[in-house]
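**Student:** These are the residues of each chain, in order.
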Amino acid sequence: QKEVEQNSGPLSVPEGAIASLNCTYSDRGSQSFFWYRQYSGKSPELIMSIYSNGDKEDGRFTAQLNKASQYVSLLIRDSQPSDSATYLCAVVNSGGYQKVTFGTGTKLQVIP
Amino acid sequence: GAVVSQHPSWVICKSGTSVKIECRSLDFQATTMFWYRQFPKQSLMLMATSNEGSKATYEQGVEKDKFLINHASLTLSTLTVTSAHPEDSSFYICSAGTGTNVLTFGAGSRLTVL
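Which chain is which? The protein sequence lines are A and B, in order. Residue numbers for the first sequence follow the numbering used here, so the first one is 430 and each next one is one higher. Residue numbers for the second sequence follow the numbering used here, so the first one is 718 and each next one is one higher.
Just chain B, same shape as in the assembly (with noise of 0.2 Å):
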């Protein structure tokens, strides 16, 4: 079946730092990708759809200039963190569509801004 590859897996680091998270379809090619935050005991929330090429958009109360994001191929999107504070904490996730509204996800990533 479509694998969604989402790299690190965990990551830690400090305030003010930047982190790119990486996500890629391995088997199929993904024109269309997303990017969900999820908080403990808390639901997934969509921050914003990668498209292939163009701009990102980014869902209401997302900071687009925080949270970049770029996809560069049918294969790869990337979600950069910028300036990230202890309140960013949280598991991202990527996902790709791969069937009739089907979404696969990736593994997710955790990120702990101390």
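Just chain A, same shape as in the assembly (with noise of 0.2 Å):
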């Protein structure tokens, strides 16, 4: 059974901080690692790719991958209450894209 474990939450910090969100995955052959948010009630959005070892910057936020370790995580600088959402850590196995696994999501709460 592949699988990608997250910490359900909710991950709590206060406003301006980094929140830093972890996820594992079992499937060594995986090459493509994805972070989404969501928001309650809403439909999936893309944050973040990877797909090499080390990090990945985009704004306020920062992938790192950890293959060896099989471990990917992603923090949000200067978190804001805007944040406040589920953050979903994808893979894709080695099957291919039709084969993405989801984590169950980490809450993250913003405290203004």
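I should point out that these hints are in silico values taken from the structure, not numbers from a laboratory. In this text the structure is predicted, and so the values were computed from the model without any measurement. Glycine included, every Cβ here is placed at the ideal spot set by N, Cα and C. Please note: incorrect hints may appear among the correct ones.
Selected chain B positions facing chain A (Cβ under 10 Å, derived; list incomplete) [as the list claims (entries may be wrong)]:
no., residue
1, Q723
2, I810
3, S812
4, G823
Hey, can you piece these two chains together into the complex? The hints should help.
**Tutor:** Have a look at this one:
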């Protein structure tokens, strides 16, 4: 069973702080990793994609990937109340992109 | 950017009736679309892969006779929930591949079966 594990939270951080979201996966053959943001009652929207080891920065968001440890994380700097949502980690398994496995998501609460 | 339109956004129906959900790629052609289901406080679960011009590929445990998928054109896939029951109440989301393994999601359809 190919799994993607996330802490369900909620993760509460004060406004302006750094929020750190973590994800582990079981399929060593995975090559593509994504973070999606999902507001309550809404569909997921893509935040970041990362394909190689290391860090990838996009504005306030930084994705980190460590394939040896099978670990991917998302850092949100200067967290804003509008960042409050559930963040889904998605991993494309070695079977191709129709085999995307989602974690259960981490609920982030940014406290004003 | 790529847009996937999904309709209706919410629907309420009586038990035993059928409901059709449409998923359209607005500015690109999608030979493959994906249908997900999400129950409250759970993650997205892939139901089936919809292939233009051919039969859908269903995930294990998904009843193909209950969840009918049609992908008649490169821009339209439909999911029909037949003889819906309250346990089918869920959030149904379609998506299409729009880049290197990137999925763009429709807005989702919330189905409530009374």
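**Student:** Hint compliance check: list the failing hint numbers for this structure, sorted ascending.
**Tutor:** Checked against the structure, no hint fails, so every one of them is satisfied.
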